[in-house]
Amino acid sequence: MPLISTRALTKRYSGGVTALDGLTVEIGEGIIGLVGANGAGKSTLIKILLGLLPATEGEATVLDLDTATHGARIRELVGYMPEHDCLPPDVSATEFVSHMARVSGLPSGAARERTADILRHVGLYEERYRPMGGYSTGMKQRVKLAQALVHDPKVLLLDEPTNGLDPAGRDEMLALIERIGRDFGMTAIVASHLLGEIERVADWLVAIDAGRLLRTAPLASFTERTGQLLVETEEAAEPLAQRLVGRGMQAVADGRTVIVDIASAGEGDHGEYAVYGEYAVYDAVRDESVALNMALVRIEHRRHQLEDLFRAGGTDAPVA
Amino acid sequence: MGGAGIPLSADHRVSTLKLEAISRWYGNIVAVNDVSFEVGPGITGLLGPNGAGKTTLLHMMAGFLAPSAGAVRLDETPTWRHAEVYRAIGFVPEREAVYPFLTARQFVAASARLQDVDDADAAASRAIEMVDLGNAADRAIGGYSKGMRQRAKVAAALVHDPKVLILDEPFNGMDPRQRLHMMDLLRAMAADGRTILFSSHILEEVERLSDRVLVIIAGRLAASGDFRKIRRLMTDRPHRFTLRSSDDRRLARELLASAEVDAVELRDGMLTVRTGDFGALTRAVAPAAQRAGVSILEMRPADESLESVFSYLVRR
Amino acid sequence: MHPSPEAAGAIYDIGYRHYDGLRLGRRGAVTAVVGAGLRAIFGLGRSGRSKVIPWGALILATMPAIVAVAIRVLAGDLIDLYGYDSYLWQIGALLPIFVAAQAPELVVNDIRHRVLPLYFSRPMSRFDYVAAKLGALSLALLSLTLLPVLVLFVGRVLAAEDVVGAIGDEAGALPAIIGSGLLHGVVLAGLGLAICSLAARRAYAAGAVLAVFLIGSVVSEVLAEAGGFADIAPFLSPLAILDGTRQWLFGGSVAESPVGAADVPLALFSLATLVVTFGSWAVLAFRYRRITV
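Chains as they are written, first to last, in the working numbering: chain B, 1 to 320; chain X, 1 to 316; chain Y, 1 to 293.
Mixed in with the good hints, there may be bad ones.
What the hints assert, rightly or not - With a straight-line Cα cutoff of 30 Å, these simulated DSS-like cross-link-like pairs (lysine-lysine) come out:
(1) Lys140/B x Lys146/X
(2) Lys51/Y x Lys140/B
(3) Lys140/B x Lys154/B
(4) Lys18/X x Lys229/X
Claimed, not checked - These stretches of chain Y come out as covered by chain B in the derived footprint (C-beta under 8 Å, 3 or more residues):
(5) 23-29
(6) 114-126
Stated by the list, open to error - Over the 10 Å line for every Cβ pair with chain B, so calculated as not near, a few chain Y residues:
(7) Ile53
(8) Ala93
(9) Leu94
(10) Leu158
(11) Gly168
(12) Ala171
(13) Arg201
(14) Ala230
(15) Val276
These aren't lab readings, by the way, just hints derived from the structure by calculation.
We put the CB at the ideal spot given by N, CA and C, even for glycine.
Bound-form chain B, shown alone (with noise of 0.2 Å):
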């Protein structure tokens, strides 16, 4: 049973911008990347399942909930993380938190000890009792995904977590969604226009453009194999590709890359060979190098990437 899902949705606004547009998509428990849609499509979407927005056309659904009708009830069970700035400087996390759960339905006494516990997993500790103006961006980061989190909500919509961080915070905060997803079972959809992190916390994605629906599939599979081996050297790969197709095989050079075909990816279910192909192209690769004493820096498969999807066209591949 999906827990959010919605049909035909569309969004039309005064002044001819539509911001959704027949929008159909199932979306179950996990970790889910949200990407592509602009800025318009997305704080539409969002405000839509929230309840807070009549869509034009078309419905959707939360936790079997009619946001139609039910937008209250949805927003009892839903934790929110707004992508901007949201926080009173002169109040500190903890009274934030508490008041925020207070909010949410939680009785006063419950709420003082979820939000002493949330601050500690989103890694807050005395700094929460200073109030929030003196805070870094990490740690106002952390507040906004605690008050988020903080009513035990089923579903999590985090919009641009990792906004205004730095390489260190933006780590940390992915670890977090990661745990968040797997360890408090919760599902959490990340909104993220950073198709890296996308690849590294969602197991799913759902790919919106232009208002409408590009794809929606496990993450896994947009990151296929190309039935293709990257090979990375240290000097000029050339000599490496001649000695390759002088065996036989496909394998084109550039600068110190050379791309080998492997015949027999993806050939039916026989375990290890399943999935690396016959072992040939492989020992190729390694026997020729240390004819060459050649310097092997990397060896892997080649894959899809996100960002394929939104090169100019899209993909051909038909909406899952």
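Chain B is already provided as a structure; the job is to place chains X and Y on it using the hints.
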């Protein structure tokens, strides 16, 4: 892919932006501290944590801010207060710098006129086409999404055909398609021979786009160049490789016999090797596998990412 | 003594816990906002500095009642410092000060720092939010508009020789006391909150509130004295409008109030009050309707 559609003017001299011992302070706060480097044609990424001084540095390079010490030169001419330098540089600031009531076309054309471009309207149209804002160009900027505003700003910075383009966090707020388009555009402009410098705190963008990087930490230049080469220079930090093979344990035994290998670890169905000598290990793996009769199915330098380089530099 | 099982060593699970307890829905949300509002207004849980104005105002508003009761006890019926009718007019200056100092806190920050999406993504509608804020400010104002007068009432009753008889005598004034107190509290809360919701910063909000009341009352006095405008004068001062309404509902004029000098039917003041009240609510509705998540 060919050029970007606006080839460089007849004056094909390559442009180099030189920074010589640049510092900038505001009272006691030193935003930029004794930075020297050169930026030539191609794409250079300026990387650093928030508040490291990237924006200040870019403003000085574009000639919008005077250095407290040192000089910024574009091909021997200082950038501060030299009008001809302004003509050669296009700058896309991070903060909103557009009037919301103007349309993109008006904004870009105004920028063209400010720069004394001949036939400002035609130049504006070309610039707008380059950033793919054609169908929204006649709507007020106030109604644009963040990504569209960014593109309008880039068009305004391009309209006078600058040799040097400086962009501060250009991909902020862009969705994947817009970002890809912008990256392609910048690559094309670099292929035309222009000098492009952009700042970002998002490593994946910098890694994809730049030929070389400049890392700024707390106002100091921490590293420059190809990040892979930088990684090799981090000799006080062992390199890690992960391997998958037909027999990890056997391969591990064989590798441990080599002097280059400091440690091997068998975990999570793969073999992790630590070495102090990157180069030597890259030549040792294939022979070791051959001797042991093991097939190498996958090999990856585990921390040869810009992220790992960056986190190392931040902690120095 | 039993050996503790923990002696053998144990690791306790302090991982994430789910919540299966009570969820109070809208009611809980509104209560939380009203409660937080009251705490903010009276500076509870904050530095001493933030308590000065609200509690100071409260004390200053109640002092006259206490003094009057004390005098009654000492000097008996001879001296009657304050009447119920005139009390609110006498402490009138405190009301705008209180609102200007404390009302901005309630609404400005949430708007300025974009906190509202966090409220509206919870089981709390715009209406609930605004009503809760109004409720908090109204309740707080009652401590100035109702409490002191009740203190006066109770004091006079207790100070009388025949308490039971005194209750009978004074009880007739009770509806006026309560009605007038509620009237002032609710209307001033609405007006104050509406003004504050339009301001970009707390300081501007405070200034705007003071301006509306001060300018209103100054101009009103000037016009009353200038003659010829005595009829319009009271309509420029919120407090005068309220006084006129009080008079229309419960009778009892106040000497210093410009209402007396105006030769207009008292019902007009009630109309003016309705206009001010519904106008304020309309401003609030408009202000908050445009905010989205």
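Right, here's what the structure says about each hint:
For the given pair, Lys140/B sits about 22 Å from Lys146/X by alpha-carbon distance, which is consistent with the 30 Å threshold. Taking the CA atoms of Lys51/Y and Lys140/B, the gap is about 28 Å. The hint holds against a cut of 30 Å. For the proposed pair Lys140/B and Lys154/B, the alpha carbon gap of about 23 Å is at most 30 Å, so the pair holds. Proximity of Lys18/X to Lys229/X is assessed by CA-CA distance (about 22 Å); at most 30 Å being required, the pair is judged to hold.
Restraint check on the stretch 23-29 of chain Y versus chain B: 6 residues with Cβ-Cβ distances below 8 Å, three needed, restraint holds. With a cut-off of 8 Å between beta carbons, the stretch 114-126 of chain Y has 11 residues touching chain B; three or more are needed, and the interface restraint holds. Ile53/Y, annotated as away from the interface, keeps every beta carbon of chain B farther than 10 Å; the closest lies near 16 Å. At roughly 28 Å from the closest C-beta of chain B, the C-beta of Ala93/Y stays outside 10 Å, upholding its exclusion from the interface.
At the 10 Å boundary, the C-beta of Leu94/Y stays outside the reach of chain B, the nearest C-beta of that chain being 25 Å off. With a least beta-carbon separation of about 37 Å from chain B, Leu158/Y lies farther than 10 Å from that chain, consistent with its non-interface assignment. Separation of Gly168/Y from chain B is adequate, the least Cβ-Cβ distance of about 43 Å exceeding the 10 Å criterion. Listed as a non-interface residue, Ala171/Y keeps its Cβ farther than 10 Å from every Cβ of chain B; the least gap is roughly 39 Å.
Remark: the non-interface label on Arg201/Y is consistent with the geometry, its nearest Cβ contact in chain B lying 12 Å away (cut-off 10 Å). Distance to chain B confirms Ala230/Y as a non-interface residue, since its nearest Cβ pair spans about 46 Å, more than 10 Å. Val276/Y, annotated as away from the interface, keeps every beta carbon of chain B farther than 10 Å; the closest lies near 30 Å.
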